[in-house]
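A.B. asks: What follows is each chain in one-letter form.
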Amino acid sequence: MTMQIADSVSLPSPDARARAHAAAARDSLRTEPRAVRMTIIALAIVFLSVFVVLPLVVVFAQAFSKGILAYLSALADPEALAAIRLTLLVAAISVGLNLVFGLVAAWAIAKFEFSGKTFLITLIDLPFSVSPVISGLVFVLLFGAQGYFGSWLRDHDIQILFAVPGIALATTFVTFPFVARALIPLMQEQGTQEEEAAISLGASGLQTFFRVTLPNIKWGVLYGVLLCNARAMGEFGAVSVVSGHIRGETNTMPLLVEILYNEYQFVAAFAIASLLAMLALITLIAKTVLERHLDEGHDASDH
Amino acid sequence: MSAIAARRRTLPGFGLTMGLTLSWLSVIILIPLAGLFLKSLELSPEQFWAILSSRRTLNALRVSFGLAFAAACVNLVMGSIIVWALVRYRFPGRRLFDAIVDVPFALPTAVAGVALTALFAEKGWLGAPLAALGIKVAFTPVGIFVAMIFIGIPFVVRTVQPVLQDLDPEIEEAAGSLGASRWQTIIRVILPSLGPALLTGLALAFARAVGEYGSVIFIAGNLPNVSEIAPLLIVIRLSEFRYADATAIAVVMLVVSFVTIFAVNRLQRWAQSRIPAR
Amino acid sequence: MTIEVRNLVKQFGSFKALDGVDLKVDNGELLALLGPSGSGKTTLLRIIAGLDWPDSGEVFFNGEDALAQGARERNVGFVFQHYALFRHMTVFENVAFGLRVQPRASRKDEATIRARVKELLDLVQLDWLADRYPSQLSGGQRQRIALARALAIEPRILLLDEPFGALDAKVRKELRRWLRSLHHEINVTSIFVTHDQEEALEVANRVVVMDKGRIEQIGSPDDVYESPATAFVHGFIGESIELPVQVEGDVIRLGDRPLNLAADGLAPGASKLFVRRHDMLVGPPGSGAFEGAVQHVRNFGPVQRAEVALSGGETIEIDAPRDRELRAGDTIGLEPRRYRIFAG
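Read top to bottom, the protein sequences are chains A, B and C. Following the working numbering, the numbering of the first sequence begins with 1 at its first residue and continues without gaps. Following the working numbering, the numbering of the second sequence begins with 1001 at its first residue and continues without gaps. Following the working numbering, the numbering of the third sequence begins with 2001 at its first residue and continues without gaps.
Isolated chain A, as found in the complex (with noise of 0.2 angstroms):
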């Protein structure tokens, strides 16, 4: 066995020799002169660095400026932690939320057949190409003072806006895609027949969804999950519309990087700041270890 693997190793069969022509005859069509290549190269590398990877940097650069200790201390401050708590509820709320709407969307949209069904999709993406401040102002609208529910919530003395349940539905609204999203064309392409195997096996409905039809798109939710709760806990825009920035009680991260940043505080805004960097990195990494699973899902359904 060894053997053979040495063999071929060394002396590449007639074959090997005749694909390795054809391969090269193939790229001196499809290849452009080496100088070429290198500016080409040579521009999106410097594009990428100046562009993408400068200001990452800079982040956590400015961040460490002043030291760990700076750092560690702008981080145990009581407001940055009223604003990670925050953070992490406000994104647990919305993706919680979305989870679920994303799971019931994604069954009765990929598998059943209506009229209707491309424009409900373009419904359900409308968020993505709504501007982050008009998500918020749309809140405004409802539930501020001058708005439509403005009076009765005043009445019967419920807060909404400036409060924890607006910066909620606001990044609700704002992350309503993202689940849906990423498991609609998943299940259309999985297609109904397990599910129907499962049906004629006597499997009720829902041992058919947690038995058959979850396993299946398992990554898929976690993929949406993820990118879902990246956008959530990094949202400022439409957050910072509904949330009257109050000190310690509505200020989420990102809303907080703006008020320190603000007062020239750039270590603390850049600590906090290198936490919502942290997060985009490990979601950069986790989608792409999922994407490898999604393909591979994929290529099993292939055969």
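Pairs of lysine-lysine, DSS-like flavour, derived with a Cα cap of 27 angstroms: (1) K218/A - K287/A; (2) K1136/B - K1123/B; (3) K2272/C - K2212/C; (4) K2016/C - K117/A; (5) K218/A - K117/A; (6) K1123/B - K66/A.
For the record, the hints were derived by calculation from the structure and aren't laboratory data.
Position chains B and C against the provided structure of chain A, taking the given hints into account.
C.D. replies: What follows is chains B and C alone, placed relative to chain A:
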């Protein structure tokens, strides 16, 4: 949906899940958006027009739309170059750069905003050398332009990349074997195949840049009539309790972005219909 | 278990998948639904399984209204064309699924389930694959696991949708024989859908030929091959020569040329003459009903296939034994040993 028809679907739960979907969609998305349009109807056409034609509003819209379009064009060119390098060439760090393209998607906009500002401020890593050349970026419209390029780049790359990857190598070989030069092959064969994806990427980058707030306001300087973007003007009008003004500007922006998205959908469907069945 | 289907109609948009189908299936039968794609055979199978619902018509199992029940209650074993194995479960868990999802009251204990699954895997001769995942199996193995899974719930009826459609020719032949003997062993009323006439004729006790949402003929494999009831069946089953002819009184014409064939009891007008390729006997010129010039000859083992241009202008292919070698350019007479004429 009648009870009989619902029962006659093989898989259970259509009525329930569809009902929940439509209710939740209405509560979170449709009713709030409808509220915005209803509010704008409270304005007479004259009032609406007066708000939009005020100098400050016009300038804010001009800054947002103009710079967003310019940034999307830069993204189109640079995005194509990046896609070409990532898909067609092998170089050290290729996979890393491929992953990095998504950073603007994932990085919270406020973080991007303060980072770009620090980078391009007069004493920043890039701002200092640029200032020596007499170019001021931060706190000018150029800063807005830079931020919009930052947030738009993944849209072009991620729409064009899969299409270039799936492009059949044989069509290039066919062009080459018919005597086309490499340049002719790219211009006449590859570029037309990428056309719909390029336009889609351009439109998505534009739509995102027009509405962008977080990554822009820190670097913009926010000087009324000069470097004030439309979303910021909405926030300012809200803080002044001038809801009508905020609503009018928002409606204009929404309509433009809906039209853009509609155009993108059309474009996608058209592109799909051009793909021959295999 | 007997199945009876009455006047089923099913429409998808403007496409009529089933156009008034009546069918009775006896207990223990192995029935083939044979037809080209779009003939409605899979739709009929899915309606019997409860995976689709007719626009009108009735379905009875042992005289009871089956349409009152959903797929879940019908206790029908369904083998899907692409198997629809649960890809995240092992072979064992796939087969056990139907036993595990039963209501708590009627669910068997774990030991019984294990024994039953083992028994089924033995039945399909794949007990050694119990811990594999579907993606690790060959097509033929997946097919048999899908069958074992369907049998686990002790179905009253077994339905198979193109059971061999996705397999290569050699595996297909093996599985056909195996399915026949398996049916003999378990003796459950079974229906399978196929577009492959050889498969239908070889495996089934009875064949239902369908076209355009209607049943063209029901009969034993010999019946449908030897005495096709309609022009469609004749054309679809076996390799046939089809010629447009004109019936006028006692005379049958091909073009201007009267054919020396009996026209008793035939309705006058445009008709179609069908002859099996091997039923055309070759003789000297002027000896049979037809005359033609050999264009081209190829040999296939014991037969030679000749392309013959008839003097009426049509070109046909015949299969002749090789006792008399044909050559391109020969003029020959042809006499149909057996033939059928259908109006229309």
